[in-house]
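Construct all of the structure, not just a fragment, from the sequences and the given hints.
Residue numbers (the working numbering), protein chains in the order written: chain B, 7 to 116; chain R, 2 to 112.
Careful: at least some of the hints might be erroneous.
Claimed, not checked - Below, computed lysine-lysine pairings styled on BS3-like, alpha-carbon distance capped at 27 Å:
hint, chain 1, residue 1, chain 2, residue 2
1, B, Lys50, R, Lys43
2, R, Lys104, R, Lys58
3, R, Lys104, R, Lys60
4, R, Lys79, R, Lys59
5, R, Lys58, R, Lys70
6, B, Lys50, R, Lys104
7, R, Lys43, B, Lys20
8, R, Lys70, B, Lys50
9, B, Lys20, B, Lys50
10, R, Lys104, R, Lys43
11, R, Lys79, R, Lys104
12, B, Lys63, R, Lys43
13, B, Lys63, B, Lys15
14, R, Lys104, R, Lys70
15, R, Lys104, B, Lys63
16, B, Lys15, R, Lys43
17, B, Lys50, B, Lys15
18, R, Lys59, R, Lys104
19, R, Lys43, R, Lys60
20, R, Lys79, R, Lys43
21, R, Lys59, B, Lys15
22, B, Lys63, B, Lys50
23, R, Lys70, R, Lys59
24, B, Lys20, B, Lys63
It should be emphasised that the hints constitute simulated quantities derived from the structure, not laboratory data. None of the values given here were measured: they were computed from a predicted structure.
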Amino acid sequence: NAGVTQTPKFRILKIGQSMTLQCTQDMNHNYMYWYRQDPGMGLKLIYYSVGAGITDKGEVPNGYNVSRSTTEDFPLRLELAAPSQTSVYFCASGPGNTIYFGEGSWLTVV
Amino acid sequence: ILNVEQSPQSLHVQEGDSTNFTCSFPSSNFYALHWYRWETAKSPEALFVMTLNGDEKKKGRISATLNTKEGYSYLYIKGSQPEDSATYLCAFRYGNNRLAFGKGNQVVVIP
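Structure representation (structure tokens):
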């Protein structure tokens, strides 16, 4: 059972570089989410999507972009990486009454 | 910004002891309250989804209660075992099925 798959698992970026975190789910869920987890903080919502072609900002969207061209995929783009974006990123999906998480992507910006 | 508070933030429990911790959340516009169990380097695992005032849920030695009128939920671990060591996340569900998370209760069970 694949569930929610996100790649890469670990990445080191230099300040100013760009990258895309990939997320795919095979459960045909309408809802998809990107969260970040910083030490000592709760998971913060970056962006979410209620279906293909529809995305919206969460609590901490600055410095990120998303797209949702298919039900399965919800990539998160970091433009001009900054040290403040060093974090653990979780992609998640759900049918509406619960949320399932991927295993996380550890990103360090140096 | 929705305020979800969990206390205590961390606790050490002797193996065999029981423990509990609290999640407080907004008491208005309530949809659901979620509990997750999260081990480092793994994905958070859903424990409970609670929707009704007075709900009680149980999974093995872990149980939870819900009071939506006063805006709190308790999570109990009975007879703690080392494998219960994890961070327990509470999340308040709001519009468009989004979750607002607390900072978590980090539990370390000492053998």
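Structure-based check of each hint:
1. The straight-line distance between the Cα atoms of Lys50 of chain B and Lys43 of chain R is roughly 17 Å, inside the 27 Å bound, and the hint therefore holds.
2. About 22 Å separates the Cα atoms of Lys104 of chain R and Lys58 of chain R, which keeps this hinted pair within 27 Å; it holds.
3. Restraint check: the Cα-Cα separation between Lys104 of chain R and Lys60 of chain R comes to about 22 Å, which is no more than 27 Å; the hinted pair holds.
4. In summary, the hint linking Lys79 of chain R to Lys59 of chain R is supported, as the alpha carbons are separated by about 11 Å, within the 27 Å threshold.
5. Taken as a hint, the Lys58 of chain R and Lys70 of chain R pair is honoured in the structure, with Cα atoms around 18 Å apart against an allowance of 27 Å.
6. Distance hint between Lys50 of chain B and Lys104 of chain R is fulfilled; the C-alpha atoms sit about 10 Å from each other, no more than 27 Å.
7. Between the alpha carbons of Lys43 of chain R and Lys20 of chain B the distance comes to roughly 26 Å, so the proposed pair stays at or under 27 Å and holds.
8. For the suggested pair Lys70 of chain R and Lys50 of chain B, the alpha carbons sit about 25 Å apart, so the restraint of at most 27 Å is met.
9. Restraint check: the Cα-Cα separation between Lys20 of chain B and Lys50 of chain B comes to about 23 Å, which is no more than 27 Å; the hinted pair holds.
10. With a C-alpha separation of about 17 Å, the suggested pair Lys104 of chain R and Lys43 of chain R falls inside the 27 Å cut-off, and the hint holds.
11. In summary, the hint linking Lys79 of chain R to Lys104 of chain R is supported, as the alpha carbons are separated by about 22 Å, within the 27 Å threshold.
12. Of the pairs offered as hints, the one joining Lys63 of chain B and Lys43 of chain R holds, with about 26 Å between alpha carbons and a cut-off of 27 Å not exceeded.
13. Simply put, Lys63 of chain B and Lys15 of chain B have alpha-carbon atoms about 24 Å apart, close enough for the 27 Å limit, and the pair holds.
14. Annotation: proposed proximity of Lys104 of chain R to Lys70 of chain R holds, straight-line Cα distance about 22 Å (limit 27 Å).
15. Distance check on the hinted pair: Lys104 of chain R and Lys63 of chain B sit about 21 Å apart at the alpha-carbon level, within 27 Å; holds.
16. Under the criterion of a C-alpha separation no larger than 27 Å, the hint pairing Lys15 of chain B with Lys43 of chain R is consistent with the structure, at around 11 Å.
17. Pair hint Lys50 of chain B plus Lys15 of chain B holds up; C-alpha atoms about 19 Å apart against a cutoff of 27 Å.
18. Of the pairs offered as hints, the one joining Lys59 of chain R and Lys104 of chain R holds, with about 22 Å between alpha carbons and a cut-off of 27 Å not exceeded.
19. Proposed proximity of Lys43 of chain R and Lys60 of chain R is supported: the alpha carbons are some 20 Å apart, at most 27 Å.
20. Distance restraint check for Lys79 of chain R and Lys43 of chain R: the Cα-Cα separation of roughly 23 Å lies within the 27 Å cut-off, and the hinted pair is therefore satisfied.
21. Only pairs whose Cα atoms come within 27 Å are accepted, and Lys59 of chain R paired with Lys15 of chain B is rejected, the gap being roughly 33 Å.
22. For the hint linking Lys63 of chain B to Lys50 of chain B, the alpha-carbon distance of about 11 Å falls within 27 Å, and the restraint holds.
23. Using a Cα cut-off of 27 Å, the hinted pair Lys70 of chain R and Lys59 of chain R holds, with the two alpha carbons roughly 21 Å apart.
24. Taking the CA atoms of Lys20 of chain B and Lys63 of chain B, the gap is about 25 Å. The hint holds against a cut of 27 Å.
Figure legend: structure checked against the earlier numbered hints; the only hint not met is number 21.
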